[in-house]
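Peer 1: Let the sequences and hints guide you as you build the complete structure.
The sequence shown runs contiguously to residue 597 in our numbering.
Please note: incorrect hints may appear among the correct ones.
Stated by the list, open to error - List time: in silico DSS-like cross-link candidates among lysine-lysine, alpha-carbon distance up to 27 Å:
(1) 506 to 484
(2) 484 to 451
(3) 484 to 432
What the hints contain is simulated information worked out from the structure, not anything from laboratory work.
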Amino acid sequence: MDDLDQSLQEFQLAAQARRSAAGWLNAFEAALASRDATRIGALFHADSHWQDILAFTWHLTPVAGRDNIAARLTAEQARTAAQGFHLPQGRKPPRQVKRLGIDSVEAIFEFTTAEGRGAGLIRLSPAPEDGGAMKAWLLSTTLQTLTGHEEKIGANRPSGAAYSRNFGGDNWADMRRRASAYDDREPAVLVIGGAQAGLSIAARLNQLGVDTLVVEQWPRIGDSWRKRYHSLALHNSIHLNHLPYMEFPPTWPKYIPKDMLGNWFEFYADAMEINCWTGTEFVGGTWDDTAECWTARVKRADGSERIVRPRHLVFANGVSSYPMLPDLPGLEDFQGQILHSEGFDSGAGWEGRNALILGTGSSANDIALDLHSHGVNTTLIQRGSTTVVSIDPSARLNEAIWDEGGPLEDCDLIVSSATPSLIIKAYKSFTKRMLELDREMIEGLKGIGFKHDVGEDETGHQMKYFRRGGGYNLDAGSSDLMIKGQLGLLQYDRIERFTAAGALLKDGSTVPADLIVLATGYYPQEELVRRAIGDAMLDRIGPVWGIGEDGELNNMFKRTPQQGLWFIAGGLAQCRINSKYLALQIKAMELGKLGPL
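Peer 2: Structure (structure tokens):
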């Protein structure tokens, strides 16, 4: 086939995809307007999925099965009044794709509701039982904006008249200082944590006109990354890690070093006009049912305390909270230095000495590489089985949608369209491919006695992250060193106890150590909540993070059982995507459009 024939064929396929998508959307709008569940259901495969994010249900709502989808759409349409479904200009056009092994037409669409503007995704495939008619096996609907309260971006940006050329009055810097001081008002939202989660939600709320204060315990924004171990860099690619509204410079490296990222966070907070109090610790808070606000105590850098009374409290301080320090037999007798991985910086100064690292997750392996590079005799101690995945190519399989290119907003929409059951199916498929790509490495690890697994249901490292926040290693080269014997591997069940000199094994020998690094993870976020706002509140809201009965993350990015209490956490892409929907919920509650659960 020559180039002309190929171009003609691609044009014809694109035109056919557009006709199929437009035809389905027209039929869907008519069926939805009729509020006839049978008519709506006829547009879907029996095994179909709908992911709604706020547009119809004001919640993060996965629905499975044609009859369930049709019934729920019929019930919600009376309030939602969704209409105007169309294929927009300037977004990824309808196209032929293969998703989860299904040859499909995939199309982004837009629509309006009684409350605002929405966008979504359909995936269509032929239904042989219905003469090959194109039916949906996936529908997603997401609220993008609230009518009359659109983000202050682009053509809707502020004029700057309040401070531009304001001769004799306050300039921009004056206004920023006053806004950040909160001497004359209370913030509507108090965000705890100034890394990717806190900055993302604060930036989104700013553009919706919701007065937001971020408190960060470190002296500078970005220190939560700067203070981590010396050699740390992101393990996924730059093109999926942008923060809202501002993409990283095109000159930046593919995998961003921690200090570079920390500096960007500081710059971002300033550029996005985020009100931040650094060196400020959230001490605790209580909810006032009568006033419908929080009484929150924060301790400033000078030791003074201040009370603020926001209507919303957003925990944005990560999936994990306090370091988990295991109670191991004899560890208190060890005469060398003991560090948790959180306090490890560099192997410099330990040259020629011996180190034991308790753990085989990503942090443990990165620290092992750092110590090894400084000439430290290093051994990792494995307690439980670990999922090991090469950073490139295997871990990059999860970046596939962003790798396809196109506007970041469109890639994010496609990623967020999957229901929990489809996510599980996708991760199982990725894991099979990862095992093929990493076969030599995995077999080598098993050959030295390394305990390897691919998750409880063969969904690999990503679902481990969502379920427990760890248990995997995105391999940066330590596995090869272990296989070659240049890094030691010791199974914990061979250890009798720790002693002054190191680890005493059950066979009577000792593995000497001058340094023990506890790469043992962190308590789940519930521990931070318990310490900050009490056991009763934790009992009221239930688990934070981990997978709930609906397949979604517990209490993340959505209303919780406690009014005005919200959570956001995760990697940069996860925070960028979900901060949009969390901000819309808070704004809607501020407008009286959305009540507590």
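Peer 1: Now look at each hint and say whether the structure bears it out.
Peer 2: Going through the hints against the structure:
no. : hint       : in the structure
1   : 506 to 484 : holds, 25 Å
2   : 484 to 451 : holds, 17 Å
3   : 484 to 432 : holds, 26 Å
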